[in-house]
Amino acid sequence: MLDLLVIGAGLTGLFAAYTAARAGLRVRVIAHGAGATHWHAGTIDLLGYLPNGQDAVANWTQALPELPPAHPYRLLGVDAIAQALDEFQHLAAAAGLPYVRAAGATDLNTSGPQAEPISQRDAPAEQFHDPDLGQNAALVSPVGAARPVYLAPAAQQAGNLEDDRPLLIVGLDGMPDFYPALIAENLQRQGRLARSASLPLNQLTKRRDHSPLQLARLLDRPAAQAHFTEMVVDVAAAGERVGLPAVLGLNDHTRLLKKIHQAFVSRDPNTARSQDGQGSGAAVFELPTLPPSVPGLRLDTALRARLDRLGVRVEIGMEVCGFHAAGRRIEWIETETGSRPLRHTARNYLLATGGILGGGIYADRCGHVKETVFDLPLTAPQTRTQWLRPLFLDRRGHPIFQAGVSVDHRFRPLDQSGGPVYDNLWAAGAILAHTDPIRERSREGIAISTGCAAANAVVRGL
Amino acid sequence: MPPASLNSVGLSLNDCIKCNICTSYCPVSQVTDSFPGPKYAAPQSERFRDFGHPFYADGAGPISRTLAAGQMPDASVDYCSGCRVCNEVCPTGVRIAEINARARARIVAARGISLRNRLLGRNELLGRIGSIAPGLANFLLHNPLSRRLAAALFGVAEKAPLPRWHHHTLNRWLARTRAQRLRGERKVVYFHGCATQYYEPFVGIAAVLVLEHLGYEVIVPPQNCCGLPMLSNGEFGAAESYHRRNVSRLIEFVNAGYPIIGTSTSCTLTLKEEAPELLDLENDAGTRALKLATWDIFEWLRERLDQGQLPSDLRPLHQSDQPFILPYHAPCQLRAHRIGKPALDLLARIPGLDLRESHARCCGIAGTYGYKTEKYQIAMDVGAELFDFVAAQSTESNQDTEGSLSFTACDSETCRWQLEHGTGLPSRHPIELLAAAYGLYDLHARRPADGN
Chain A
1 MLDLLVIGAG
11 LTGLFAAYTA
21 ARAGLRVRVI
31 AHGAGATHWH
41 AGTIDLLGYL
51 PNGQDAVANW
61 TQALPELPPA
71 HPYRLLGVDA
81 IAQALDEFQH
91 LAAAAGLPYV
101 RAAGATDLNT
111 SGPQAEPISQ
121 RDAPAEQFHD
131 PDLGQNAALV
141 SPVGAARPVY
151 LAPAAQQAGN
161 LEDDRPLLIV
171 GLDGMPDFYP
181 ALIAENLQRQ
191 GRLARSASLP
201 LNQLTKRRDH
211 SPLQLARLLD
221 RPAAQAHFTE
231 MVVDVAAAGE
241 RVGLPAVLGL
251 NDHTRLLKKI
261 HQAFVSRDPN
271 TARSQDGQGS
281 GAAVFELPTL
291 PPSVPGLRLD
301 TALRARLDRL
311 GVRVEIGMEV
321 CGFHAAGRRI
331 EWIETETGSR
341 PLRHTARNYL
351 LATGGILGGG
361 IYADRCGHVK
371 ETVFDLPLTA
381 PQTRTQWLRP
391 LFLDRRGHPI
401 FQAGVSVDHR
411 FRPLDQSGGP
421 VYDNLWAAGA
431 ILAHTDPIRE
441 RSREGIAIST
451 GCAAANAVVR
461 GL
Chain B
1 MPPASLNSVG
11 LSLNDCIKCN
21 ICTSYCPVSQ
31 VTDSFPGPKY
41 AAPQSERFRD
51 FGHPFYADGA
61 GPISRTLAAG
71 QMPDASVDYC
81 SGCRVCNEVC
91 PTGVRIAEIN
101 ARARARIVAA
111 RGISLRNRLL
121 GRNELLGRIG
131 SIAPGLANFL
141 LHNPLSRRLA
151 AALFGVAEKA
161 PLPRWHHHTL
171 NRWLARTRAQ
181 RLRGERKVVY
191 FHGCATQYYE
201 PFVGIAAVLV
211 LEHLGYEVIV
221 PPQNCCGLPM
231 LSNGEFGAAE
241 SYHRRNVSRL
251 IEFVNAGYPI
261 IGTSTSCTLT
271 LKEEAPELLD
281 LENDAGTRAL
291 KLATWDIFEW
301 LRERLDQGQL
311 PSDLRPLHQS
321 DQPFILPYHA
331 PCQLRAHRIG
341 KPALDLLARI
351 PGLDLRESHA
361 RCCGIAGTYG
371 YKTEKYQIAM
381 DVGAELFDFV
391 AAQSTESNQD
401 TEGSLSFTAC
411 DSETCRWQLE
421 HGTGLPSRHP
431 IELLAAAYGL
441 YDLHARRPAD
451 GN
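Chains A and B, in that order, are what the protein sequence lines are. Counted from 1, the first sequence has number 269 at position 269 by the UniProt record's numbering; the numbering is strictly sequential. Counted from 1, the second sequence has number 99 at position 99 by the UniProt record's numbering; the numbering is strictly sequential.
Any given hint could be a false lead.
To be verified - Here are the simulated DSS-like pairs of lysine-lysine, each with C-alpha atoms no more than 27 Å apart in a straight line: (1) 206/A / 258/A; (2) 259/A / 206/A; (3) 18/B / 187/B; (4) 206/A / 18/B; (5) 18/B / 370/A.
Keep in mind that the hints were calculated from the coordinates and are not lab data.
Isolated chain A (complex conformation) (with noise of 0.2 Å):
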């Protein structure tokens, strides 16, 4: 029998499944479709605003305690947030896909930040008294605002606004959905020194199809890859570090970063302060697009990889359609198919299956809100009409978005009582009470710190 099914693979199903299983339990993870994180921007945010602050948190350890009583970082604590995405970080790097702080200052003469996490995995008591832990620091957003981002994709790194390098925005023409006027424009209005450029795709390639994942597989070809270099190369001047989307590749978008980068040292050493062409001194960098997101997808394919070396099945395609609880205890959940149900059966159950977004908590038009998969208690606005502020950019969010579960500190949803619904079920991401992820910046924090968390409160009890 499985020791744990884990409903949901976006970033907290996934993450939860690979914390439980490197702990040697049987896992397995079913999902309606595939996850949310193909519309992450890649980067792990933790805590970029205070429910009520209006400026940007400087470092989220310090800001914790200014958190809600029933935030789910309260219950976890900075060591306990710490150590998941320490284990995130060996995870990632160990799947190719390095992941560094944003502010720090990597200095990349001596070793690459694939490095980084894996010296921090050897000394974890050394990490929680680092000065540099919980420092965010402020990336270009998709339209050039400053985006609070605690844990970056490398390739996203030299983003940083912190940095004084003019920057220069590049576009590919008849690429949808990317404004590198609009990027450079909002820059300079926050006194930045900006410009925008543009490079035609026709010399790259005869489709059609601009979609960013297009692009990002047509770059992960060798031939297109040093065509591309050359056309960027071309467009920049020196000491500019340049913005480009994020398709620089699916498979294989580091050999085109270095590629690129390389190419800009070989022109003007003084380009760069990196050698190798990754971190916050690289030339180049990417920009997160609209989904379909490159960097989600491969966070995405990450994760999973890591998951099928553990044995990790994830099985896409299933909705659950009903369960079955004796006492306080789950027997089995079912899912439909295209005739009868089908019956899962498993020691423990972890509901990650989002917010409202995500489909874990469905809002009807009549004002209902409804946990999907069990029916849990929800802690939610009364009526419709608190749903919504009359803002939609609201700087406190709207209350609808803090719908959710509430949990005790072992991650299992509570009735109105205060006691756990069932004994064997947890729940963790999106779907929790008492955080508003989007407004917060926390989405992925959250997703890794309690994924993290109820796995191993499940490993616990079992």
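Assemble chain B onto chain A, guided by the hints.
Structure of chain B alone, referenced to chain A:
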């Protein structure tokens, strides 16, 4: 959860949140501009076709209703292979592939169907004609000159992996071995499908042997093509008459409580879901009863495994000490059942078998799609992901064990033919592997171990 609707296909487009996940996974739009991708072809275009709505003032069905000017589906929808990967990954449950299938049927209803597509849709008829004189039929179809002619005259791709008629049908083998067949209280019904009847009777033989090994009498009643090739090519009328005939032929067994078990994942999917849904027969009592009684063979065997009813006398598939490496591809048509990958659960029980699960999206052939000249190359480009996966296992096996791969495994017949065409390795249905592990079947010669 959103409420169920009378017409789940048409209304499901309202659940589309434009997230582009389907576009990210579509294997066809990845390799060609001829197909603009699931999101554009299905939910977005469907909004501009008024037949998506289930309720009409005149009460006409969704397909036969005449179109207002300018609402003819764009011809690019014909380049959807119908693999259903989009449905699988869609996080909100839009029935994308079905919306496309209906759009194709609208085009066929308005403009007619080519002779080629009409022929490809009729594999039962082709199978029956060819099996009168299999040797002659194979010669007529498979010599280079006729393949070139078929490509030039009909548009059947010259290199595409057309099957060969077997020298006997499954029915003939059943008649010949009638005396040896198990009789008993516990009975199941076997739905063989056209490919097993005419081209690969040995798959049916393996299925019968395994089911009998479990102690079940296997009933093989007269049956028709499930109608899927016609549904894929937009001939809904003909498909409906085939489906209704199957219902009338199988319903007595369904009512007697016998499971209808199939080895062809596409046929069982059609009985379960495609025919009821596309043909608006979900409220037809017979269709519904058959839908609920139909099983993929490994789905049914997994239930026996879970209930401790599976004989444990499974033996290694070969003599040497080296592990038997087997790349397994769960075809899209099986994944569309939403039952997981049950063959993996059973094959994992075979001692010494090193299963390698493919994560490739599609082999490319998608039923009749890869047989069409204009689509052959697309099908091969789509399949490259799977062929590369198999090749990678082969390299690995050379290094580790100094052996090489001898087989691939896949549940669907056309996918196996495409796999053989793309990799050069023989491919087997997982039921053949299971039958061989029970010592009932010769995996190389593809016949019962006792020679019958």
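Each hint, compared with the structure:
1. 206/A / 258/A: Answer holds: residue 206/A to residue 258/A is near 26 Å, not above 27 Å.
2. 259/A / 206/A: Within the cut-off at roughly 23 Å; holds.
3. 18/B / 187/B: violated (48 Å)
4. 206/A / 18/B: holds (26 Å)
5. 18/B / 370/A: Given that 27 Å is the threshold and the Cα spacing comes to 23 Å, the pair holds.
Checked against the numbered hints listed earlier, the structure breaks hint 3 alone; every other hint is satisfied.
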